[in-house]
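Listed below are the residues making up each chain.
There are 4 protein chains.
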Amino acid sequence: MAAKQAVAVIAGVGPGTGAAIAKKFASLYDVVLLARTPASYESTAKEINDAGGSAIGFSADVQDEASVKNAFEEMTKKFPEKPLAAAIFNVGGAFYRKPFLELDSQMFKTGFETSALGAFIFAQAAIPHLLKAVDQSPAHPPSLFFTGATAALKGGPQMECFSPGKFAQRSLSQSLAKEFGPAGIHVSHLVVDGLIDTKKTKGWMKDAPEDSKISPDAIAETYWALHQQPRTTWTWEIDIRPYVEKW
Amino acid sequence: MAAKQAVAVIAGVGPGTGAAIAKKFASLYDVVLLARTPASYESTAKEINDAGGSAIGFSADVQDEASVKNAFEEMTKKFPEKPLAAAIFNVGGAFYRKPFLELDSQMFKTGFETSALGAFIFAQAAIPHLLKAVDQSPAHPPSLFFTGATAALKGGPQMECFSPGKFAQRSLSQSLAKEFGPAGIHVSHLVVDGLIDTKKTKGWMKDAPEDSKISPDAIAETYWALHQQPRTTWTWEIDIRPYVEKW
Amino acid sequence: MAAKQAVAVIAGVGPGTGAAIAKKFASLYDVVLLARTPASYESTAKEINDAGGSAIGFSADVQDEASVKNAFEEMTKKFPEKPLAAAIFNVGGAFYRKPFLELDSQMFKTGFETSALGAFIFAQAAIPHLLKAVDQSPAHPPSLFFTGATAALKGGPQMECFSPGKFAQRSLSQSLAKEFGPAGIHVSHLVVDGLIDTKKTKGWMKDAPEDSKISPDAIAETYWALHQQPRTTWTWEIDIRPYVEKW
Amino acid sequence: MAAKQAVAVIAGVGPGTGAAIAKKFASLYDVVLLARTPASYESTAKEINDAGGSAIGFSADVQDEASVKNAFEEMTKKFPEKPLAAAIFNVGGAFYRKPFLELDSQMFKTGFETSALGAFIFAQAAIPHLLKAVDQSPAHPPSLFFTGATAALKGGPQMECFSPGKFAQRSLSQSLAKEFGPAGIHVSHLVVDGLIDTKKTKGWMKDAPEDSKISPDAIAETYWALHQQPRTTWTWEIDIRPYVEKW
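Residue numbers (full-length UniProt numbering), protein chains in the order written: chain A, 1 to 247; chain B, 1 to 247; chain C, 1 to 247; chain D, 1 to 247.
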């Protein structure tokens, strides 16, 4: 495979969406994988490298400014001359679903910090690189994408420690789209509405048709389609769901 | 070019978005162009045919049930064995912007009938064909797409004869997505938010950067990206705007 | 009861919400009731007059410009000196719920014309009177209120001939709020989300708690609360639903 | 004035909205004022008591679980037999508006903790009392109201440390409405969209009409109108803005 001209960084690369996005973006870029532990990124990195792509993982906790800063410095050392073409925040967020009076403020903080504070810290680390990339005439506009969920659009019962962080992340992505769009960074929020087809969900929804779970590879294609949009023609928000989903 | 396996029909193919969508979908399909007068589709049809694609135009008034029915019958006669892979409603709608008290109920009806009644009639003609296509294992799920506008999401002053029709069309597309999604038809509403770069708008917004108008070809790429989504992973709504747009 | 200083006109006054609103507004105003047939307004008018209030009904078809114009002229003749304090559009709309392919374009037109065209014609007749009232220092700002429904906010399966008209009416009310708010007219859209407690719905939802239907009198109180807002502090949209409603 | 039958607690009672709400609710209830420092609640408490009402303030930091718990215990000691009729979260939130790259993660946390964590902690303290009140047949359904802002509905440039907390608070209020509505608690989110007329904003917007700022007393009337709604007929969300506001 030809040497890559630019880099893509993906935070949150467990099996499923993150890995699929990484593989898709590896078709054009060196990919940098961020996860709390090497166990989360090693197999994806190996798979990409084995297929002739270029991937490297760094351990980073997105809720910890120093940790994220450090990972971006490692990235710069590793790829000193290459522009950052895409930064994708795909961290799932702590999922608590319980009666409200059984939740506690620590769960609320954790829910918020994974989804929203993590997105904030990641965006602050990525944006200076993406701004620099704007002037380097990349193949596609530098992109900052956030993986959202149904819970980013409506709150349901017992979702008080999950939805607020997702709402906050969506808000953040909208502010960033409006602030950095005119500067040339493509900010998008992708709402994944439904169950994703992963190893973990294999046994779930046995009575539904076989193809009623969202395909991680097809999600990755949608991220890639948005990334390819020229800046005359950008999308901020898109919803993604299986054909059988009620909404 | 290889013979096409399926057909795409596009209503509303003046210069700009409609023509660009037609050309894009012509890469895989025979395209059928509907417009009120041949003058609106002839140059696009010629351009596609000259480039080795296959296009044919039929005159049809989307507000007239008999006229649309007739055009679909012509289509079936012309391509008797081929599934309908995509039906795209891209009719611009009558645009009235005046102080409310200077508008009249005829303008209101016209605004509504172009945007909403036309979409209804087009959908009723297309859906039986799209349903049949579901069983014919097409390359991509049969798609029914509607071109929307900012005015589909919010009403502004003096927009009383334009926005309501666009709201109604968006509502229609949502109902159809929920009713026919489970049956295998991919229904989407694409919100074009900003000025499109066409001959007509050439001189407009002279003080803005050169690339501050939406590219019809890039819009067409986005339609194509949605059309390619497998049914595990569909989008109902997407916004499209230039990087400098305030929103 | 003291002589009234101003007039309120209500279109759509069958039993239920319309009658309740009329009775509430009769506490301060002469009320004018519009309905297609006297049978629809007679009992409410009688009830108000018997209770010492002042009510008069005029037959009018809101989809017919001449008919509405005529009713407003009758109103002016009857109350030549009095400002119009409130105009309330509460016409229910034709409700079709069927599989899309069993609907026809005439139903679509009818659905649209009752909800949206009727609202347009009513607003055009009322606004000149409301603008005049602004300068007459009424007790409360002249108000133009529209009764909306869940279907104004989201489309569902088989709602293709009902939701679009409601979306369109909501759009109209938003444009009018933005155009005439600065001129001193308070435009609101009230979303009634749930079953209203009327004679007709008496037997429905037998398994639900007794108080699980919306109270027409409580709806009327909410309309009245909005009408009382000073122009420093207006509401455009409000949702109204019973405590047990899922949403 | 007659002895009060129930209690209302208001968090965030600086001059302006909080004080106006407290005074309005004091017409029927003993009011408990929560603020970080006595300086914030003393003058409002005095004003209510001097007018023959009943008000008491407790110092509490809504971001601190122990502090809020303690204040609610004080409340219970002070009014041991009385149901809690209303709990209103009116804490303004830390307002940062700066270019994103000049913000830091501590500001993001603070913005979130004031608006969202504070609301969570307050709701957890209030809901057990409100649930108990449901069975005590109060004059009006026990209410839990949140003061929101435009920034709860859309993110703007440079609002990355303010909007996310407001989005999160709105999400929380929606989840709570859906979880505790069926149990009899009326949860509402009131979107204040515009400049409020307070001492602080006196000099602002000098070129606008005199009545172009939102009246705190009229806001309080709107809160009161929602509080009076019977549970057949509740509102979750309402917008409040001056007639001249662009939106």
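Any given hint could turn out to be false.
No copy is singled out in the list; a pair is fine if it fits within one copy or between any two copies.
Cross-link-like lysine-lysine pairs, in silico, BS3-like; alpha carbons within 30 Å at most [as the list claims (entries may be wrong)]:
no. : residue 1 : residue 2
1   : 202       : 82
2   : 82        : 109
3   : 82        : 154
4   : 109       : 200
5   : 69        : 82
6   : 77        : 202
7   : 206       : 82
8   : 98        : 178
9   : 154       : 69
Calculated directly from the structure, the hints in this document are not laboratory data. Predicted, not measured: the structure shown is a model, and the values here were computed from it.
Evaluation of the provided hints:
no. : hint      : result
1   : 202 x 82  : neither (39 Å within a copy, 36 Å between copies)
2   : 82 x 109  : neither (36 Å within a copy, 33 Å between copies)
3   : 82 x 154  : neither (39 Å within a copy, 35 Å between copies)
4   : 109 x 200 : within (26 Å within a copy, 32 Å between copies)
5   : 69 x 82   : within (18 Å within a copy, 54 Å between copies)
6   : 77 x 202  : neither (39 Å within a copy, 46 Å between copies)
7   : 206 x 82  : neither (46 Å within a copy, 35 Å between copies)
8   : 98 x 178  : between (35 Å within a copy, 13 Å between copies)
9   : 154 x 69  : between (32 Å within a copy, 29 Å between copies)
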